[in-house]
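Protein chains: 2
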Amino acid sequence: MALDILSKKYLPALEVELRSVINEINGTPYQQLKYMLNYHMGWEGKGAGLQSQGKRIRPLLLLLATNAAGGDWKSALPAAAGIELLHNFSLIHDDIEDKSPTRRNRPTLWQNWGVPQAINTGDALFSLAFVSMSSLDKYYSAEITLNVIRLFENTVLALTKGQFLDISFEDRDEVSIDEYMQMISGKTAALIGTSIEIGAILGNADAETQGAFRDFGTNLGLAFQIQDDYLGIWGDENLTGKSTATDIQEKKKTYPIIYGLNESKSFRKLWNKDSFSENEVEQLARILEASGAREKTRADEEKYINEARTALTRAHPMGEAAVALQTLIDQLMNRSQ
Amino acid sequence: MALDILSKKYLPALEVELRSVINEINGTPYQQLKYMLNYHMGWEGKGAGLQSQGKRIRPLLLLLATNAAGGDWKSALPAAAGIELLHNFSLIHDDIEDKSPTRRNRPTLWQNWGVPQAINTGDALFSLAFVSMSSLDKYYSAEITLNVIRLFENTVLALTKGQFLDISFEDRDEVSIDEYMQMISGKTAALIGTSIEIGAILGNADAETQGAFRDFGTNLGLAFQIQDDYLGIWGDENLTGKSTATDIQEKKKTYPIIYGLNESKSFRKLWNKDSFSENEVEQLARILEASGAREKTRADEEKYINEARTALTRAHPMGEAAVALQTLIDQLMNRSQ
Numbered sequence: 001m002a003l004d005i006l007s008k009k010y011l012p013a014l015e016v017e018l019r020s021v022i023n024e025i026n027g028t029p030y031q032q033l034k035y036m037l038n039y040h041m042g043w044e045g046k047g048a049g050l051q052s053q054g055k056r057i058r059p060l061l062l063l064l065a066t067n068a069a070g071g072d073w074k075s076a077l078p079a080a081a082g083i084e085l086l087h088n089f090s091l092i093h094d095d096i097e098d099k100s101p102t103r104r105n106r107p108t109l110w111q112n113w114g115v116p117q118a119i120n121t122g123d124a125l126f127s128l129a130f131v132s133m134s135s136l137d138k139y140y141s142a143e144i145t146l147n148v149i150r151l152f153e154n155t156v157l158a159l160t161k162g163q164f165l166d167i168s169f170e171d172r173d174e175v176s177i178d179e180y181m182q183m184i185s186g187k188t189a190a191l192i193g194t195s196i197e198i199g200a201i202l203g204n205a206d207a208e209t210q211g212a213f214r215d216f217g218t219n220l221g222l223a224f225q226i227q228d229d230y231l232g233i234w235g236d237e238n239l240t241g242k243s244t245a246t247d248i249q250e251k252k253k254t255y256p257i258i259y260g261l262n263e264s265k266s267f268r269k270l271w272n273k274d275s276f277s278e279n280e281v282e283q284l285a286r287i288l289e290a291s292g293a294r295e296k297t298r299a300d301e302e303k304y305i306n307e308a309r310t311a312l313t314r315a316h317p318m319g320e321a322a323v324a325l326q327t328l329i330d331q332l333m334n335r336s337q
Numbered sequence: 001m002a003l004d005i006l007s008k009k010y011l012p013a014l015e016v017e018l019r020s021v022i023n024e025i026n027g028t029p030y031q032q033l034k035y036m037l038n039y040h041m042g043w044e045g046k047g048a049g050l051q052s053q054g055k056r057i058r059p060l061l062l063l064l065a066t067n068a069a070g071g072d073w074k075s076a077l078p079a080a081a082g083i084e085l086l087h088n089f090s091l092i093h094d095d096i097e098d099k100s101p102t103r104r105n106r107p108t109l110w111q112n113w114g115v116p117q118a119i120n121t122g123d124a125l126f127s128l129a130f131v132s133m134s135s136l137d138k139y140y141s142a143e144i145t146l147n148v149i150r151l152f153e154n155t156v157l158a159l160t161k162g163q164f165l166d167i168s169f170e171d172r173d174e175v176s177i178d179e180y181m182q183m184i185s186g187k188t189a190a191l192i193g194t195s196i197e198i199g200a201i202l203g204n205a206d207a208e209t210q211g212a213f214r215d216f217g218t219n220l221g222l223a224f225q226i227q228d229d230y231l232g233i234w235g236d237e238n239l240t241g242k243s244t245a246t247d248i249q250e251k252k253k254t255y256p257i258i259y260g261l262n263e264s265k266s267f268r269k270l271w272n273k274d275s276f277s278e279n280e281v282e283q284l285a286r287i288l289e290a291s292g293a294r295e296k297t298r299a300d301e302e303k304y305i306n307e308a309r310t311a312l313t314r315a316h317p318m319g320e321a322a323v324a325l326q327t328l329i330d331q332l333m334n335r336s337q
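Top line first, the protein sequences correspond to chains D and Z.
Residue 1 is where the first sequence starts when you use the numbering used here, and the numbers rise one by one after that.
Residue 1 is where the second sequence starts when you use the numbering used here, and the numbers rise one by one after that.
Chain D with its partners taken away, still in its complex shape (with noise of 0.2 Å):
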């Protein structure tokens, strides 16, 4: 099976690399702040387990990177855990932001242990996410190092700006599908481009190479929130986890939403209530269809993934891992199919 790299390789020595790194927190008064990150990635407490651990993708689409580059993906397993644990920081703090209670089934950090820890924990992740990145000096040169970081710093950057956006979007009454791109482009794509373009890097590919995988990244994590934004108004139950409309339920601002409230005047009338009712939920749902905001999100994903797509093509990529990556991508631009 082409994933069975991902799974028999990657996987296992991804959360050994991880658990090393949590690891730098130790000694008997701070035995409660591992318990909490140890919580956090699915390790411990009530839930643990695989299904509260999420799937990894980044990291994944790093080491993966690294091998269709022609390098070793083991070397790189520092700058994955560093990608994977960034994530995560940034998920604590989002779910204070969003007021969010749960997570993958299981109450979230704040929930547990209240905002200031929460909060805390999360700032704990962002440090060891940067540990781990400078610890690719094992395997690489200072420069290579350095310049790895530097990327890494700008992401993080551009994903607060783009959480920025995101928190001002939710008072205002107009946002347009430009501003809304650029919020995802900082809050989403970033990361999968950096994961993507690092791995590159860190596979010895030329600076060619690099911008190509760059621009796979960064179209296949457009492409892959816009098809979130889908499947949380058209989204099959059975398949995503998540009942359909929700999005609409909770007032989230997404392509479909931000484009209906642009082009239907039904439509934005009708949203301009505190809640719906679940009568309002299905007309909304179906004022969105005649406005075209569906046909056009899918569109929209499509256009993404082919762009995608087409970068991939000029990475070039090598062996396995150029089969896995391409796997990969179709299994997850047809999860709601």
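What the hints contain is simulated information worked out from the structure, not anything from laboratory work.
Honestly, I wouldn't trust all of these hints.
Since the list can't tell identical chains apart, any single copy or any two copies may satisfy a pair.
Unchecked claim - Straight line, CA to CA, 30 Å or less: simulated BS3-like cross-link-like pairs of lysine-lysine: (1) Lys273 / Lys253; (2) Lys34 / Lys251; (3) Lys273 / Lys251; (4) Lys99 / Lys34; (5) Lys252 / Lys99; (6) Lys34 / Lys252.
Please arrange chain Z on chain D, whose structure you already have, making use of the hints.
Showing chain Z alone in chain D's frame:
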């Protein structure tokens, strides 16, 4: 004057450096994010000005250490800015965690713009601190830059471990002086120690001298925190800007209070209430003094300041920066007298 070097040279150059890092955030959509950062730094908004900027102690100590070790302070500016930005990141998050409505006589970030934006603005500052640190390679080799970044990362981790303990102490009945010292070692002394150690590294000090500078900084940090705790109960309101015994009123577990809780039954008994009348605050302060807490706190402050002075002698500081360092310590350690 010995401190002219700070006000005439270091401080203006530092402010320029700090602003140039924050200017990494540009573009119309992010104006408000930048404004929040500028507000927190004391540069914009109501009440902006020197009195709202903090004393920039940590970066000044860093620059002094670079100079006193025989290096050029100007090349250490990216590190000095990184340290100050990190310190300010921790203040933004601390204020949310402590629910503090004001800082330096102005509303805190979360008070003005809400918790979600404040958490995220802190995260942006965290990223910018690293962006600044890694730009050291304009003046130093990748190896030295990477060493400094690693020291910085471990310090951020120590900071979050200290903060974890501090938050935990609030809910605990018993805290020992040893545990308290461990907490302030992480939360306060680590960053001051690292500031001065990085300064020494960037001044090209040898390993032994770096260690002496670090010991100087760590002990200075401990003395400084214990002095702060002393002033929180027995400070002269006119000099400190805090009303006497504020820390008792706010039920803060500071050094003298932990001493009292461990050593005095009558203090422990009276402390066991949710809030205190003015009379009770005065009574508690008297009992605390009678228990020996005041004397013990002053003695320990002096112990650490003496260790700091001894370490500084071992560091053999040079030139005008050496004189300024001595003068600065004398000033810092006499702010109540």
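Hints broken by the structure, by number, lowest first?
-> none
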